[in-house]
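Enquirer: Residues per chain, in single letters:
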Amino acid sequence: MRPGRRFLRLLAAQGLWLRNWPVVLLALGFAVLPLAVRWLGQTGALTLAGQYKAYQGLAECYLPLWALVAGAVVWSDAEPCHRPLLFPWPMPSCELALAKLLAVGIVYTLMAGVGALYLPALMARAGGQLSGGLVFLRALLSGSLLLALAALGSALSMPWVGMALGAALWFANLEAGTALWLDAHTRGALHLLAWVRGSHWPLAQVNVAAALAALALLGVALAALGVARRRAQGRA
Amino acid sequence: MDVEIKALDMRYGRHIALRGIDMTLSEGVTGLLGLNGAGKSTLMKILATLLLPTRGQVHIGSWRLPREQAQVRRCLGYLPQEFGLPGNLTGREYLRYAAIMKDAPEREADRWLSEVALDEAANRRLGGYSGGMKQRIGIAQALLGDPDLLVVDEPTAGLDPEQRAHLRTLLAQRRPGRVALISTHVVADLEQVADRVVVLHKGEVRFSGTLDELAARAEGCVWSLSGPANAPRPLGAQIIAERLQEGRMVRRLLSAARPDPSAEPAAPTAEEGYLSLIGRGGEVEQ
Amino acid sequence: MITKPFRALLASELRQLWRSLLPWPLIVAAPAVFILVGQWQAPALERLVQMQEPLALLGLALGAFAAWTWQRGRRNGSDEVLLAWPLPSWQVGLARTLALGTLTLACWLEVTLPSLIYTMVSYATAAQAAGMALPWAQALHDSGLIILSLAASFLGAQALGQLAGALPGLAALVLLILYRAIALFVPRLAAGILQWPYGLLATPEFIWGGNSRLAAGLQAHLYTGLFLAQQGFWVLGSLGMLTLLILLFRSRRDARQLRGKLLAGAALLVTVGAAAPFIAVEHGFVAAQWRAIAEYGEAVKPSLRLSEAPAPREPAPSTPVAVPVGYDLAVDLTRPPLAQVQATVGLQAPADAPLDALTLTLRRCFEVDAVSLDGAAAPFERQNDLLRIPLPAPLAPGQAVTVTIAYHGNVADWRLDPYETPAALASTGLVLLPAGWGWYPLPGEQRLTWEIGMSSAVFRALADRTQPFNDAEPLFDVTVRAPSAITDLTGFTQQSGGSWRLAAKRNRVNLLGGPWWKRMQGGIEYAVPLEELDTWRAGSADLQRLLAAAQDWTGVAPIAVVPSPVGLATLDDAGLLDETGFGLIEPGAGRDRALMRFEQWLRLSLSLPAGDFSVWTQAGYTGDEIAALRALASTRIVTDAYGSDAAASLPPAGQAPPDTLVAAWAARTPAAAQKEALRRLVHIAQLRPLAPADLAFLKDGGGQP
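From first to last, the protein sequence lines stand for chains A, B and C. Position in the first sequence (from 1) plus 1 gives the number in the working numbering. Position in the second sequence (from 1) plus 7 gives the number in the working numbering. Position in the third sequence (from 1) plus 27 gives the number in the working numbering.
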């Protein structure tokens, strides 16, 4: 089979692992939340400022959690007990890892785009200058970092560790002191809430730093399964 | 395709799991016998590219391990002794996923579901499968893609007699160029399907030959003894079988010398040949 | 029950636990949190607050480990063997729980014991600085809160972890993470609509991290009852949950067993039932607030609709309003929450209109006992917040009259959001009576505005600032008798008899007092709680420079630094920011935090209802000229105090798009003129809400409001 078609089949097959109740429930929840915020705004329960802050929080704070959970769950077939079957299969490690990351990434990108759709209308009323693109990018980049951490741990046979690392980064960002320290010392790359809280750096710079960090971690995650495979060969 | 193993060593720290293994596996079914800890699973994992040997060479067809393990995996079907299955997928979904991973057509998944008699349970989740059903799914994924090298570790574990017979038929399906290596504790399974058998003991090859040759190892050492129901067991002989028949105790014994004056010599089976090779307490009888 | 097999099983579980590598990072992390986190000069409770976020992470890790351990037997198949042995199933669960409990106990001890020692030492040194004996009651009270809070956190972590461990594999960790994440935010969102889910949704650390005002209130010992209820729920609920999980262990023999299902149902009921005392306290609290609302203001049934900021009321043109000349107030707060006031008010008819009646605004909670006009008893009418005194003869324009009003009432006015702050309170430990709340008679029909909405909004209890009185500065002579625990009443001087007195021309008088110790430094008054007296962070040189720069740029003087049990937003709403009274600043734990809070103070003093964005717009919102001016002021003040490097590292409040108008103005205006402009703006903002016309100077060439 041609490599392209084979990869597409593999990519589509990752839906089997994402078809997992926490992942699906969360995805549905996040899909509904922007609508709920909009409804609350229309009924007057939320002011424009409230709606604005709700979208901010959703994009930067909560949506990335889906990426963390999905990023760990999509590696279900790579758990230690399944490896005796997985490793002898001929699918190259990098290709499998890429398919998993892409599968989560595609769904996440769609989810991140939903909230961004509401921003232009909101900002037109408020007169601000923030764009849907900014919302989208913040959600995407924060989520990519957590996805990469979860994937890294899972690929190295430590799904709990990967998820715990991502959760630790997320919770650490909730504390202003820690978050601002991360912001100052990583040029905002590890400051997941740079938009909500504010940053020492312009947001464009923060996005670039976050993108580089996410790409680096994703690259490591891509290679991790192959490393795990070779490590397993070296011992019982 | 042949599999050639030369001077293969496998060491885990100070423990030597395999020592100086030399063997050639040709087209057909080869059985692998040995006690627990003999090194059977280790050898199978090496052939399945799960482990790298400490020393030695393994040639699978024209490919050499570990350099060309990616090519080997493309023609490999492997069933490990212990494996996990994702409980939330159905049997059909899992086999289709395995087909994708092995670059095989997805319709093969349905074909092998029929072959292992899991059609009716195909749409049930793997988490609800019995041990035997899981084993059959494992066999099905190993056979997906019509592999040239089939490495199967304890395939009949957990299967009932009918399923074992069916599986033997499956595994024994001859295909030009296919090399099948089956490890089992049940010698009777090999008697039906294996062309050759290899006995491993403490990491070394102790025997390689046909089943008849294996049985011949116990020539003159197998005895049949019939006595009163309360007759004591004869000393110095290994009891292979013992049952009450019409009020008399009939025993089948393994002993280098006649264990009892009334014992009659019996024709040895392959299992008895294996037992005589391994001996009481694991010592090899020369 | 402690049979030999049980002992052997317990020993086996302990061995498996402690021989594993995983518990040891937790053992190391617990004391590391105590040592490395938080300020060592902070009072013990405040230090606990500072530790709460890392402790919450530690709790998550402990819960994850508990889940993993609880799953272990199922994962490796050893449970199947165990359950086939003749040992009762619940003993297997108990052994595993007790083994985990040793880890929980170890972590708890590693944080609690040092915290208790720290508490005692902290109070000992503070008492020495105050020249008093060790306040054992206060020290033991705080120690008890610390013990309970940490027990709730660690026990809750174990219970949640074991509960999550009922799910297979990674799902347990997902559940723990999501629970913690949701519990940080949902109770706050829910609080405006649903009160009681706190007990079930919130984690034990919520009080500290998720609702820092409650934590701040707890340090001022205002909310002990609520705290005990919530943390007590977590302790009892966790113990109940663990007990039921132990009993449910038998259901692993056969998950479909009816008994197992019944036990699972019972587990749910017990957990909900354990929340009952907490829910009862909550409801009591909320009911009291509703009663207070009904008593103090125009009760508005809470709904999802959030009303916008009310438009300023136009004064009734046909009703002239008297001008205040002087106030002589004698206030007795010695029997809290009762306030008894004798108010003698000198009023003058306006220069352009006669007066035939006096219309005054006085909070409706006060019952008027007697009214006299120039010494003669006078009839009066009382309706809601209004007090109308018909004059025997009309007052000619400019003519004066003295009215004496005796009134009394209970002062315990809370906001609807639970765990928020009092709008006005007279208690043994706190006196808070803001001028705009209407505790003394205000001329005219002042609207005491209430808005009730979601937790993102707060009440507004401001006197309508469009009334002329708000520009006047009558002479106030106020004498207050306060409870003995009140050691400082800000702006007042203590008299020989123990009462407090203020005599000055003011625009308004606010009462704010607490068990604080007054210190003066650099012309700034500091009110320091006993717990901080030994270190007196408020007197640190850094904060001193900041306050001096702030005073220079805003013109607010004098400044008093008070520990705020009420939070700055409340103070703004209560109208306590007052150029002739005092500006209030919460002392921060470190420079960064001082900066953040200081910025908040500036925001509040320059706030402006504009369109859909109301005064409670949080610092995160940006996009208007006031925000840009605020940022400019912050930058100037911080530069003066700490230099330009510090200003460059100021965390911006959200990504404020640069306001070109303000930037252009700042670029063309010398620093001295900028300072003058900001001072004038602050002065205006103290008297009334800023209007767009006040900002016209940004566009004009003049540069001055």
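Please note that the accuracy of each hint is not assured.
Unchecked claim - Computed far set for chain B versus chain A, every beta-carbon distance over 10 Å:
| no. | residue |
| --- | --- |
| 1 | R26 |
| 2 | P73 |
| 3 | A77 |
| 4 | E89 |
| 5 | P93 |
| 6 | A124 |
Said to hold, decoys possible - Not the full set, but computed from the structure, chain A residues with beta-carbon under 10 Å of chain B:
| no. | residue |
| --- | --- |
| 7 | E80 |
| 8 | P81 |
| 9 | L99 |
| 10 | L103 |
I should point out that these hints are in silico values taken from the structure, not numbers from a laboratory. Backbone N, C-alpha and C fix where the C-beta goes; we use that ideal spot for every residue, glycine too.
Enquirer: Look at each hint and say if it fits the structure.
Expert: Hint check results:
1. R26: holds (16 Å)
2. P73: Nearest chain A Cβ is 7 Å from P73(B), so the label is violated.
3. A77: violated (7 Å)
4. E89: violated (7 Å)
5. P93: The assertion about P93(B) is violated, with a minimum of 6 Å to chain A.
6. A124: holds (21 Å)
7. E80: At about 7 Å, which falls below the 10 Å cut-off, the nearest Cβ of chain B leaves the hint on E80(A) intact, so it holds.
8. P81: Interface hint status for P81(A): holds (8 Å vs cutoff 10 Å).
9. L99: Constraint on L99(A) not satisfied, violated at 14 Å.
10. L103: With a closest approach of 15 Å, the L103(A) hint is violated.
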